[in-house]
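Participant: In case you want the letters, here they are:
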Amino acid sequence: MATFVDRYPEEASVVKATLVVSFLSLGIGALFGLVQALHRTGYLRILDSVDYYTVLTGHGVLLALVFTIFFLMGLFTWAVVQSLERPLPDIRLSWAWVGLTTTGAVFAAVAILAGLVPSIDMSADVLYTFYAPLMGHPLFYIGLAMFIVGTWLAGADWFLAYRDWRGDNPDERIPLQTFMVLTTMLMWYLATLGVAVSTVFFLIPWSFGWVETVNPLLTRTLFWFFGHPVVYFWLMPAYMLWYTVLPKLAGGRLFSDPLARVVFVLFLLLSTPVGIHHQYLDPGIAEGFKFIAMTNTMFLLLPSLLTAFTVVASIEHGARQRGGEGYIKWLGALPWRDPAFTGMALAGAMFAAGGFSGMINAGMNINYLIHNTLWVPGHFHLTVGTAVALTMMAGSYWLVPQLTGKRLYSRPIGLLQVVLWFVGMVLMSNAMHRGGLAGIPRRTAEPQYQNFEFSTMLGSVEEIQAGIALGGTLLFVSAVLFLFNILLSSIEDPIENPVDDSLPAPLSGASGSPVVLDNLRLWTAIAVVLVILAYTLPLAGIVGDAGVWGDVPGVPVWVSGNLDAALAALPEVIA
Amino acid sequence: MRMTRAGLLVLVAFSIPVAIELRVLFGFFGVKLPLTASIVFEAVFLLLIAVFYNVSAEPKSATKN
Ligand code: HEM
Ligand SMILES: [Cu+2]
Chain E
1 MATFVDRYPE EASVVKATLV VSFLSLGIGA LFGLVQALHR TGYLRILDSV DYYTVLTGHG
61 VLLALVFTIF FLMGLFTWAV VQSLERPLPD IRLSWAWVGL TTTGAVFAAV AILAGLVPSI
121 DMSADVLYTF YAPLMGHPLF YIGLAMFIVG TWLAGADWFL AYRDWRGDNP DERIPLQTFM
181 VLTTMLMWYL ATLGVAVSTV FFLIPWSFGW VETVNPLLTR TLFWFFGHPV VYFWLMPAYM
241 LWYTVLPKLA GGRLFSDPLA RVVFVLFLLL STPVGIHHQY LDPGIAEGFK FIAMTNTMFL
301 LLPSLLTAFT VVASIEHGAR QRGGEGYIKW LGALPWRDPA FTGMALAGAM FAAGGFSGMI
361 NAGMNINYLI HNTLWVPGHF HLTVGTAVAL TMMAGSYWLV PQLTGKRLYS RPIGLLQVVL
421 WFVGMVLMSN AMHRGGLAGI PRRTAEPQYQ NFEFSTMLGS VEEIQAGIAL GGTLLFVSAV
481 LFLFNILLSS IEDPIENPVD DSLPAPLSGA SGSPVVLDNL RLWTAIAVVL VILAYTLPLA
541 GIVGDAGVWG DVPGVPVWVS GNLDAALAAL PEVIA
Chain L
1 MRMTRAGLLV LVAFSIPVAI ELRVLFGFFG VKLPLTASIV FEAVFLLLIA VFYNVSAEPK
61 SATKN
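In the order they appear, the protein sequences are chains E and L.
Sequence positions in the first sequence follow this note's numbering and run 1 to 575.
Sequence positions in the second sequence follow this note's numbering and run 1 to 65.
Derived from the structure by calculation, the hints contain no laboratory data.
No residue lacks a Cβ here, since even glycine has one placed at the ideal position from N, Cα and C.
Hints are not guaranteed to be accurate.
As the list claims (entries may be wrong) - Cβ pair distances, simulated, as ranges:
| # | chain 1 | residue 1 | chain 2 | residue 2 | range |
| --- | --- | --- | --- | --- | --- |
| 1 | E | 43 | L | 47 | 47 to 53 Å |
| 2 | E | 42 | L | 24 | 45 to 51 Å |
| 3 | E | 320 | L | 36 | 39 to 45 Å |
| 4 | E | 516 | L | 28 | 45 to 51 Å |
| 5 | E | 540 | L | 34 | 30 to 36 Å |
| 6 | L | 47 | E | 42 | 55 to 61 Å |
| 7 | L | 12 | E | 320 | 22 to 28 Å |
Unchecked claim - Take a look, some chain L residues computed to stay more than 12 Å from chain E by CB distance:
| # | residue |
| --- | --- |
| 8 | 3 |
| 9 | 24 |
| 10 | 38 |
| 11 | 40 |
| 12 | 44 |
| 13 | 45 |
| 14 | 48 |
| 15 | 50 |
Unchecked claim - Selected chain E positions facing chain L (in silico; Cβ < 7 Å):
| # | residue |
| --- | --- |
| 16 | 337 |
| 17 | 461 |
| 18 | 463 |
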């Protein structure tokens, strides 16, 4: 009865299946990232610039939605099973959601990638935000909808496991990892209502041509209703690893279980009523609502600052257990040789930097300075692209051996990989932030204007481009090393104890945390009320202005077959 | 304090953002450093750290544990 796979072989297969999809997406997405980084800086152009949006859509969807969320589904399954210490209630349900989410992701990916093949009359170059009136092929939206419904079923699976456990343990506190899964999923159910309504009621019928027009501001607002909380959906698996695994890897224990619970409750409450902060520059939403969204956003800093405190305190405790001393010198006592530890620690450090640039984004006034510039990808490659992605890769070095019963192929390569990601991201993200301040736009293959020069505050545009190209290349190499290491690990011989998978109890345990924290119904009710307060009036205003169905026809992006239609629609859209 | 090879690697990685942002720091005080300043800073740092590592590292036979 050595490790996870020996105790729960069927659940281990489910987790492995989700990780395979996740890592495959990471590989393709990273390749696209390299293509973009080299293309838009002019270093290497293997594609026509017209195909840039196909690649960029693939990159955004495969990395930000598929890689992250499939990893989440695997991690949460592992977490629920091992913290409740019981198998999932019905493994057929588990395979059903794996199948549904995978099919959905494949549909969306096919619709996007077909854009690279001129002979197939299909494309969905609508970027991962799929703003109407850009219109993708229906298969894209259908895939998206299947994917979302699949995640709902996954959540149901975990809630059913919890219900069974509760039946046997009526008076116990919810185990911390399960608590994290359940609060995150409640947030997700609330948040995905927006995108589900948008795709099922508006975008799918419209892309099939069943309805003629769409209300772009309405679908955009529904997108961001989901689009902000989704960042916490990416982040919560990383937080789970930082809270429950990182302290152990550091040689210590979680500082405080109650504080961890407070943080997850705060995310459930505050993640959704802030989405309008992505729309500071959208006309049609009154400034007052934007101001409310900004205020809520600033409150959201609280749980992240609490996390910084708790996680660093836990790591310091670990270092001191290992004999670390002094104010700074204890850092030297940490297990830097362990790629799982080092990767998560570096990811956490970059998250701090991403948090600071996020505060700039969140401020209504200074947002105008950087809106839609390269600053924005600079910011989110620190957050989702590193805090989340690097934590997931580093976590895999510890998690995957538990799922396969095989040891990691190479720890030194793992260490090199995580450090390379850090260095590559420093170069790329720093250059993107600078470029954004100089006004270089995001989402364009050819950011040059005639008779115009970007004025940088420091250095030159050439330096910025070199930073992006070099950083992007290092990142790609890092992703390849990761995949290679995991792949070679999977053909090792099974051994008894491939990794120390025990998780020590927190220093301050669940018994010290107020019972009300476990009252999930209460927190959900408050979260719903906050969402109603934040969104009712803006949505009413938007629908009042242009109606539910809007008055804007689509601009199909599968241009090859619809060039004429697209051109014909254009004047109407502009008018 | 004995420095491990992994510790060294991480320290070198951390020096890179410091070297890059050095120019911003000086920029606050109106001093415009060229890119070469960052490169020289990094090179000097790497040299110092290499010396420190060789002085502080244990004899070869005892490095593995
Ligand atoms: C090999 C590593 C990576 C490289 C070289 C890379 C490169 C890039 C570049 C150059 C852009 C900007 C394109 C533009 O605005 O013109 C971009 C956009 C983006 N990246 Fe990455 N990236 C990498 C990894 C990641 C990861 C791990 C994630 C998320 C988990 C991610 C998510 C995104 C998203 C969401 C966009 C925006 C897409 C859009 O504007 O619609 N990237 N990436
Ligand atoms: Cu947001």
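Participant: All hints, please: hold or fail.
Facilitator: Verification of the supplied hints:
| no. | hint | verdict |
| --- | --- | --- |
| 1 | E:43 with L:47: 47 to 53 Å | violated, 30 Å |
| 2 | E:42 with L:24: 45 to 51 Å | violated, 25 Å |
| 3 | E:320 with L:36: 39 to 45 Å | holds, 42 Å |
| 4 | E:516 with L:28: 45 to 51 Å | holds, 47 Å |
| 5 | E:540 with L:34: 30 to 36 Å | violated, 56 Å |
| 6 | L:47 with E:42: 55 to 61 Å | violated, 34 Å |
| 7 | L:12 with E:320: 22 to 28 Å | holds, 25 Å |
| 8 | 3 | violated, 7 Å |
| 9 | 24 | violated, 6 Å |
| 10 | 38 | violated, 9 Å |
| 11 | 40 | holds, 15 Å |
| 12 | 44 | holds, 18 Å |
| 13 | 45 | holds, 14 Å |
| 14 | 48 | holds, 16 Å |
| 15 | 50 | holds, 17 Å |
| 16 | 337 | holds, 4 Å |
| 17 | 461 | violated, 13 Å |
| 18 | 463 | holds, 6 Å |
In this structure, the earlier hints numbered 1, 2, 5, 6, 8, 9, 10 and 17 are contradicted, and the remaining ones agree with it.
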